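2 protein chains.
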Amino acid sequence: MDYIGKSNLRVDAYAKVTGNAKYSADLAPRDAYIAKVLHSTIANGEVVSMDVSEAKKVPGVIGVFTCFDVPDVEFPTAGHPWSVEESHQDIADRKLLNKRVRLYGDDIAAVVAEDNVACDRALKLIKVEYKEYPVHTDARSMLNDKDAPVLHPNWRKDNIIAHTAFNSSEYFNYDEVKKNAITKYGEENLIEVVKNVKTPRISHSHIELPVSYAYVDANGKVTVVASTQIPHIGRRVIAQALNIPWGKVRVIKPYIGGGFGNKQDMLYEPLNAWLSVKCGGHPVLLEISREETIVCTRTRHPMDGDLRALATKDGRLLCRELINYSTNGGYAAHGHSITAKCAGIFKNLYRDELGVRSEAYTVWTNAPTSAAMRAYGVPQAVSFAETLTDDICVKGGFDPYKFRMDNICDENTSAGGAMFYTYGLKKCMEIGAEKIGWTKKREEYKNQTGPIRRGIGMCCFIYQTAVAPIALETSTVRMILNQDGSMQLSIGATEIGQGADTAFTQICAESTGISPDKVFIMSSQDTDVTPFDTGAYGSRQTYVTGNSIKECGILFKKKICEYALTMEEEKSLAGKKIDDLDVFENYVVDKNTKEKLVSLEKLSTTAFYSFKHNQHITAEKTTDITTNTFASGCTFVDVEVDMPLGIINIKDIISVHDSGTLINPALATAQVHGGMSMSLGYGMSEELILDPKTGKPYNDNLLEYKIPTAMDSPDFKVEFVVMKDPTGGYGNKALGEPPTVAPAVAIRNAVLNATGIGFNEFPLTAQRLVHEFKEKGMI
Amino acid sequence: MDYIGKSNLRVDAYAKVTGNAKYSADLAPRDAYIAKVLHSTIANGEVVSMDVSEAKKVPGVIGVFTCFDVPDVEFPTAGHPWSVEESHQDIADRKLLNKRVRLYGDDIAAVVAEDNVACDRALKLIKVEYKEYPVHTDARSMLNDKDAPVLHPNWRKDNIIAHTAFNSSEYFNYDEVKKNAITKYGEENLIEVVKNVKTPRISHSHIELPVSYAYVDANGKVTVVASTQIPHIGRRVIAQALNIPWGKVRVIKPYIGGGFGNKQDMLYEPLNAWLSVKCGGHPVLLEISREETIVCTRTRHPMDGDLRALATKDGRLLCRELINYSTNGGYAAHGHSITAKCAGIFKNLYRDELGVRSEAYTVWTNAPTSAAMRAYGVPQAVSFAETLTDDICVKGGFDPYKFRMDNICDENTSAGGAMFYTYGLKKCMEIGAEKIGWTKKREEYKNQTGPIRRGIGMCCFIYQTAVAPIALETSTVRMILNQDGSMQLSIGATEIGQGADTAFTQICAESTGISPDKVFIMSSQDTDVTPFDTGAYGSRQTYVTGNSIKECGILFKKKICEYALTMEEEKSLAGKKIDDLDVFENYVVDKNTKEKLVSLEKLSTTAFYSFKHNQHITAEKTTDITTNTFASGCTFVDVEVDMPLGIINIKDIISVHDSGTLINPALATAQVHGGMSMSLGYGMSEELILDPKTGKPYNDNLLEYKIPTAMDSPDFKVEFVVMKDPTGGYGNKALGEPPTVAPAVAIRNAVLNATGIGFNEFPLTAQRLVHEFKEKGMI
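Just so you know, the sequences run in chain order A and B.
To convert, take the position in the first sequence, counting from 1, and add 9; that gives this note's numbering.
To convert, take the position in the second sequence, counting from 1, and add 9; that gives this note's numbering.
Just so you know, not all the hints are guaranteed correct.
When chains are identical, the list treats them as one kind, so a pair holds in a single copy or across two.
[Stated by the list, open to error] Pairs of lysine-lysine residues, derived as DSS-like cross-links and limited to a Cα-Cα distance of at most 25 Å, are as follows: (1) Lys-207 to Lys-702; (2) Lys-31 to Lys-287; (3) Lys-559 to Lys-621; (4) Lys-25 to Lys-287; (5) Lys-436 to Lys-449; (6) Lys-155 to Lys-166; (7) Lys-702 to Lys-140; (8) Lys-586 to Lys-621; (9) Lys-133 to Lys-287.
The set of hints was computed from the structure by calculation and includes no laboratory data.
Remember, predicted model here, so these are calculated numbers, not experimental data.
Please build the complete structure, drawing on both the sequences and the hints.
Here's what the structure looks like:
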């Protein structure tokens, strides 16, 4: 390949370093009004009345809008493609502002003013009278209270969004299987682990906060310029929320400073749109603060899983069971799909000889709304599965590496339409073990005593690429030949900081023969202009959109070659047929000899300006994808645990990924670095804590909610097992989300190796470590 | 037709009335630097040296750039499509800033500062040393001075841009033909008129001044947001001026407050682009003042024509001759094409029995640069031809209406690839004569005496539609189906205030079957995104782009119908074939019965989201036009001349147009109103006057340069002769420019009728009238 597999500089590198790349807030018109949201100070109840008279008197206030003013329409917020079948549509369970308050910080009113100061003053003057109900901030507590108020009576009377079970077979029953196993192997030859694992409520912590501005454009369209991963889906959601035709909404996405799934939901964009409409279409800017982001946007699901597993003493995994209670907060957002994905990955990660059960509840609670976050339930799945594995190994005295080699899913794994078209997991494990010095260190770290101990741990994962065939995977790409032989690449997929535009540019160059410096990707999406694509999520873009770029590029190249054949004045082309031609390094060339026949510069100028045969060469193509290939990988980590201080020092860490062809190795490595860093937070420091009685957050800011900084980061090592996947456009498969799955659990398993203590509640904070070591009398 | 021929409200009516429509200056980033240009205070010479040291010291000044700093590249500015043949390319005769000064107000330096005040202060501190040359502000004076300094020695040594002659036959010679005619008819049976006619230097006087801002975008593209009629051509010109690849330039055109041809040239956009590059790509705003606009942008060509004509005493026009000296100012801009068009129309307007000669010089002078202005040389052509006709009629005692009926061009006229595919001129004359009461009033106004006299006059014209086959006519259109069955219409043609977007919307509705309220036209062009089209000029857009919209619409509709056939779940479509289907009023219908089969709303939602057959329906099509059809028409006017005051009061005025089908009759009428108003200025008040010795303007502002206001405007009456032209997309032909051709000359001829004085210098100002009446002893 000519342009793929090269570590090109990011196409937006200079623009981002110089500040030339414009973000939503940079672009807001100077006369935009400022909007702010009033949030509820109770977590469950009703707004009985609201007095806005004093707020309206504040000079500069344009309008005060309350939950009593909004359209009586409930809408869904999830960034999923629409389904024409009602049963597959997302849950519509919220209004623009909610009279029925379901979480602390629910949106109950908004002020629009000429400036920030007037806006803040007015917000403080709104008087609210509530009726309060009892609060439940986690799934189990909600389910245990039979008298708990029903949060969404239109949908369910029991606050359960969904309850599903993935079993290995219809008749699988853990207790029966266990009974039979005892009969067959004898109880003395079996090991069972029974435990509970809890995962944290995590804030995405993207640098750019959710921000948008809305106005009614000259065409009368309600236009929202927003930091969103999903402009085309957002268009539909906003239209639903405002109850207007979908074509009357326009969403524009400038550069974005990270999303990590939080911006795969419509957050405040629908409200922003409505506020502008209420203000006569004047631009209204709505910037969400970090505090609001942490509590009022979305979080990773805290999950609480009851686990059981049975293995033979000679190291064969017989069966496993997970009963998972997933806390979904006040609104459904992505509904059950994240918990379901968690259940699926838990089930599929191992070959359980006698079967597996993965049962899952997603429950509405009075907590911040949980929804998509990078890796979409899989970090939790692996927290369940891979802590279980190490606990089995401890109990059975197995080497965790060998146990996994014997029991982990193999190349024949197939589930929900996904399969391994290429399988690199065991190769990843080999490389990781080799690089970290597994065998030597496992030996070395045996029988440690004293306050500071070393340990080594590992964790594996598998990951679906994109969301087909469960959900729609479709992408359209448009290509335009410029007058000088350079080209425009127009896509609906979104660069959100991950480097997608650079990967797309290289894919485009590969498929068109136009060198990357002459491929100008249009990074900003505008739903009125840009081809349709569902957006950035599910590690789908390089796979789905990438394939669409490839297909469109082939069509574009064909059109260029066809035009070349009309250039009768070019003697070099005389007698050539379409099958003789190719485009290579900005020339139409002879396909076999690579002889340069005519430059694209000359060809395009002629095509634009010829009297004889005038054509503005463009190509546009919709490609849908119905395949889904598993990516996989593992993390190995070597830690030093300072037991009296409760501190885990990472001495060495390596992630090895099976992601197919790397479009851009440097960017792929950076993607893994970012994911590993994010997983350190999940593993060791990040957790949004709520007062269980009031639902009020204790740490809704970045002083008290701790994300890893550069100072906390070890030297991240990354390796790849490169195999060309037959379903990826150029052999590539998922890499966006997978890097954030395994490191946290590898660390937990390394701490287990170091101290003998298997922590079952993430993150492994100093407090939890010290508490546990004290309990066990170790310090 | 369902949607064409209806007087729909302008699609931008609300946006423009409410201020929602954004113009270039509205959109400039708040941190943009301000640029201003230093203009020469001499009209011919060289900048010897420039001292910018004091200017650079002004706080807030970012940079001072002089004619010694700019790239050593001469570039063409005309808004013509590029030609791949060098001989057809425009004259490249200026730099971004000019050391060699050719007109008073030439651009010699520019200041970029943080604000207006710093910019103005710095401009004043630049010290310039000149070497001065003698000045010639008109073509004849330039040609008469054999020692005149050569302005563009790279191009011509004689200051003549071009000299051409259109003769009726190769051997036509006026003097010989006259000699032969005398022999044949006898001198006593012939009338000859010999005279000179001068037309004024006119300023376009668009409300929105030339304004642009430039920056380097995140893709590294030099981006110019500009009030221009020709974004795609501008892209090429800017690239040439900066000597960079054409694809590295991006031009964006927001709403525009009028252009009238002035914005069919690249004015300050290339300089603006370069200044931004010099300032590290930071946004730089360059707003041109009214004074600069009048002197330093473009004007209508002042022409100075020597005329002769021979007719028989029984009213047969035998032959005519025009030798026209056209003053082109300091730079070539559109070169000879405007004077050539003038020559062509002069030649073709009448059937000269024995032939015609139309000779033309276009001459570089030390005057403001003349270039395109609404009707592109034709007002001058008609000033020559139609004053000549009335002078013949006076001399021969002919009724000007009857003389024209007998001698004017007929339906067989064909010239330069243009012909009358439909011919309505004589019908227009009939209607105009009838409406104004020609016969009765001609009789009534005979033998007037006293200081206040009435007169009636008329003037005819013909006008080519678009510029083919002489120049390239090409247009691409893109259509996008939205998720709710509404659509986007994307074009490269430009709405510049004339109502093009509304006409395009109706044409689109007609061709697609999607009602105009669901057709969203994208009014702003962006050369990175928008399909290629050469822009707004030559009365071409409704004809060329309109045809392209029609063709694209047919393709789009076909794609919609093809999709419908894949919707197996729609029983109404069972058994249908593609030829059975049509789209009508937002439904796929049975072509014959108009039975509604499926709504576009349902079809589009299905197309976007179906798992079975997923397609984002778009269509894109390039259409080139090689035909050219003459439009035609006439103006009749009834005036009262107050001789002592020199005032012409228009008592009645009517223009009658043969423009094919009217896409939107109300807008067509408004277009004619505007053109008539503009012609009043040409006829009675507008003239930019220069000091012939220094080239310095006397009236470079709207206090002293007089455009007609609403107070000066009579009730404009408009009639149309509607014939469906076979070459227009829906039978339409030129209407943008023609309305501004005839009224001025009709007024002149009415004054002749009232007073017996045939004025031969436009405009007919009070000073000229009073002077002449005094000379003749009439007052």
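**Numbered hints the structure breaks, given as an ascending list** = The structure breaks none of the hints.
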